[in-house]
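Model the full assembly from the supplied sequences, consistent with the hints where possible.
In the order they appear, the protein sequences are chains A and B.
First residue of the first sequence: 0, per numbering that gives the first Met the number 0; consecutive thereafter.
First residue of the second sequence: 0, per numbering that gives the first Met the number 0; consecutive thereafter.
Worth flagging that the hints you see were computed from the coordinates, not collected in a lab.
There are no misleading hints in this set.
What follows is a list of derived Cβ distance ranges for each label pair:
1) S12/A to E18/B: 34 to 44 Å
2) G42/A to R85/B: 34 to 44 Å
3) D47/A to G68/B: 21 to 31 Å
4) E79/B to S68/A: 19 to 29 Å
Beta carbons are placed, not taken as given, at the ideal position from N, Cα and C, and that holds for glycine.
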Amino acid sequence: MTAIEDYLRDLSSRLHPARRQDYVHDEVEDHLRTTAEALVREGFSDADAAQEAIRRIGPADSLARQLTSTFPRPPSLLGGLTCLRTYRSLGYLVVGWPVAPLSLLTLDTGWSLLMIVAVVPWLSFSITHRAWATMEGTTASWLLDVPVARSGATGHGGWRRAVDLVGGTVLAALLLTGILASLVLITVPATYQRTEIVVAWQSVDNAVDAVICAAVGAIGLLGVLATVHRTVPVLRRLASPR
Amino acid sequence: MRIDLVRGSLDLLLLGVLESEELHGYAVIERLKTSSGGLFDLPEGTIYPALHRLEAEGLLTSSSTTVDGRRRRVYAITPEGRNARRSREERWRSFTVGVRRVLGDGP
Chain A
0 MTAIEDYLRD LSSRLHPARR QDYVHDEVED HLRTTAEALV REGFSDADAA QEAIRRIGPA
60 DSLARQLTST FPRPPSLLGG LTCLRTYRSL GYLVVGWPVA PLSLLTLDTG WSLLMIVAVV
120 PWLSFSITHR AWATMEGTTA SWLLDVPVAR SGATGHGGWR RAVDLVGGTV LAALLLTGIL
180 ASLVLITVPA TYQRTEIVVA WQSVDNAVDA VICAAVGAIG LLGVLATVHR TVPVLRRLAS
240 PR
Chain B
0 MRIDLVRGSL DLLLLGVLES EELHGYAVIE RLKTSSGGLF DLPEGTIYPA LHRLEAEGLL
60 TSSSTTVDGR RRRVYAITPE GRNARRSREE RWRSFTVGVR RVLGDGP
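In structure tokens:
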């Protein structure tokens, strides 16, 4: 039944990745041959039965498109990156207290800059989310051998865009304040004035940080749970004997 | 029956067919056809993507066996699938009651 073999070859060539090609190939082959055998029992010739079986299951490109859309998606790296940010911010809180004021401000400025790069919308569209999408796609196809999301990977829903906008604005304000405070520290000569400015800055900064860390921590926890929830079935499926 | 009429209930139908026994794709299609009295003679290419999607959602699980020298994938419903079937059946029954009422055919 050359027609079936041709069909399967065509179907496999339209599927990515290789592991899923085998998964689909075996199943569709079984279906086509079982259908063809039933048709032969009904009186079809071998060649006609194969053609009819293929007609019934539909064109290879259509089937491949539908099957590819159902392939398991990799767990998003967003959850992992959010967790990393959580650890970084928590680490900053722990380490930030005992260090010297200037170092603290430097740390804070650097951290704010990183956060801005990570969440601010006009940057995220052009840099970070493209990078994340690429990382996710590369990891998916290379490590997990599952399909790459080619559309919508960088897209944001309305609420996420709003969160990005608010978060980006807050963090931009933090960054500017940090830079201004650093300039004041450098230019103000009196030690007592420096100390008062630093204490005032720290109290505001730490309060803002606490709120941000709590929010990011909650998101991070959700990210961990979502990642575990989505990873376990994928790993179980990959590990299961075919 | 037109596939677009069935599409909204396809998951429920597949879960229902697999509730009582494990079946491979071809058998699922045949079971749908025979148990509906020939009403659900659906395009075969629509069934496998639906089965794969339900498996990806954890509502079905599959295993591979060898029959007559060919690899065959057999699907079974999971406990989550049974719960999903029950809840979807309830929704579907509510939906049909609503449709009947609108059409002046119901209680």
